[in-house]
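> Listed below, chain by chain, are the residues.
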Amino acid sequence: METLQSPLYEVADAFEANELFQRNGWTDGLPIVPPTESVVSRFLDAAGVPAGAVVGVEPVRRRRITAEKVAIAAVMAGGLPEYLPVVVAIVKAMCEPEFGFHGVTASTGGSAPFVVVNGPVRLALGMNATHNVLGNGSRPNATIGRALRLLIINVLGGIPGQLDRSTLGHPGKFTFCVAEDEEDSPWLPLATERGVTPGASAVTVLAVESPHQIMNEWTHDPRDIAETYAAAIRANMLTYSIWAGNYAIVVPKQHRQIFAEAGWSKRDLRERVHERARVSRREWRAVGKSAVAPRKDEDAIYTALRSPDDLLVVAAGGPAGGFGAILPPWYGKKSLAVTKGIDP
Amino acid sequence: MTLRVLDPRLSAEGEAARLAAPLDSLDGALVALLDNAKIGTERFYDHLEAMLRERYGVREVIRRRKPDASRPAPADVLGELSAADAIVSGIGD
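Taken in sequence, the protein lines are chains A and B.
Heads up, the first sequence is in this note's numbering, so the first residue is 1 and it goes up one at a time.
Heads up, the second sequence is in this note's numbering, so the first residue is 1 and it goes up one at a time.
FYI, nobody ran anything at the bench for these hints, they're computed from the structure.
Glycine included, C-beta positions come from ideal geometry on N, C-alpha and C.
One or more of the hints may lead you astray.
[As the list claims (entries may be wrong)] A few chain B residues facing chain A, derived, Cβ under 10 Å:
(1) M1
(2) R4
(3) A69
[To be verified] Sample of chain A residues at the chain B side, in silico, Cβ under 8 Å:
(4) S6
(5) L8
(6) E10
(7) R42
(8) P59
(9) R63
(10) H102
(11) G103
(12) G161
(13) L168
Turn these sequences into a full structure, and let the hints steer you where they fit.
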């Protein structure tokens, strides 16, 4: 076992440990599990990674993120040792230049890293891909996502009002991690579509604004279902950001069945949404943005996706209900989705 | 029984970038202003440049703009700035 480098603080008990972290602003406001040497070492051993290993470097401020700090965050978040390889893979993904880690952390736009986990690790950890998938209830979903926020706070300095300049933020900033329902989906898993070897475990991370739910339970026509997702994206383009980038949509079983019966692959759905999720600059006039509409050609057409590949289609959600969601990007293509394999 | 808990923050050794040692004087210095491409930076730097020249006797000011506020400055821009005695880097709006 490699020696841990972080300074140590002595406290009376777990209650006082939490008080220390709350007082110092080292948490997200919720209580933490005390990161003691023995527990942090157990996490690192489970992941087979030395404490001093550099997991990634945040590209703008050149913050070197060591495995020790990732493990501390994972312990604090309330996870188990076997979750650490997933957290490590996500941190690696977020340090890739196209993710724009600094921008998404600091921006007034207030985004959160949304994580989709694919492959056998989902089942091994007991992750949730079904009921209430974007909400509470699953320990690995909740604590893997939370570990990222705690790391952003303590290692990147993403403290609200300091480096984190979010005007609003959103609830996903506490935690926002799901598994894809590969077993009950007619489609290729997201990671496989994005180039990961079938059957391997992987994470995909995208900086998103708050999810927006859609409802359509009154049709069996896949074009109608696709249109409802596209309409929500169009609304986001007009009321939030018109700039094209990665959007994610979460498609529940009730909608997947309609697509499957019609023979639609994820690719078919992406192509349809790419075609339909577009607005003219002139439409800004109807949503209170007349001041900026005439700055350029108002007949110009803006697409939500640069190409169909920009849409991440995620199969997840409870078995009943025609409720899906769109997850808009932080700010067009300034931050892009990154997929990484999980080292066993 | 007491508990010993680890500091979750990045230690000083984790900081790959450090501030350069401060200059004794700006008189006759070459100062670079790195613009982060945010909307208010140019006007702020116009004011700062005038102040550096008039009040502090700065000899020369190099100004460069990053292509994007949320990404690192490109290597060629950093190369141009490396000649300066001091660099001011803009963050935020």
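> Of all the hints numbered above, which does this structure not satisfy? Sort the numbers upward.
Hints 7, 12, 13 are the ones this structure does not satisfy, whereas the remaining hints hold.
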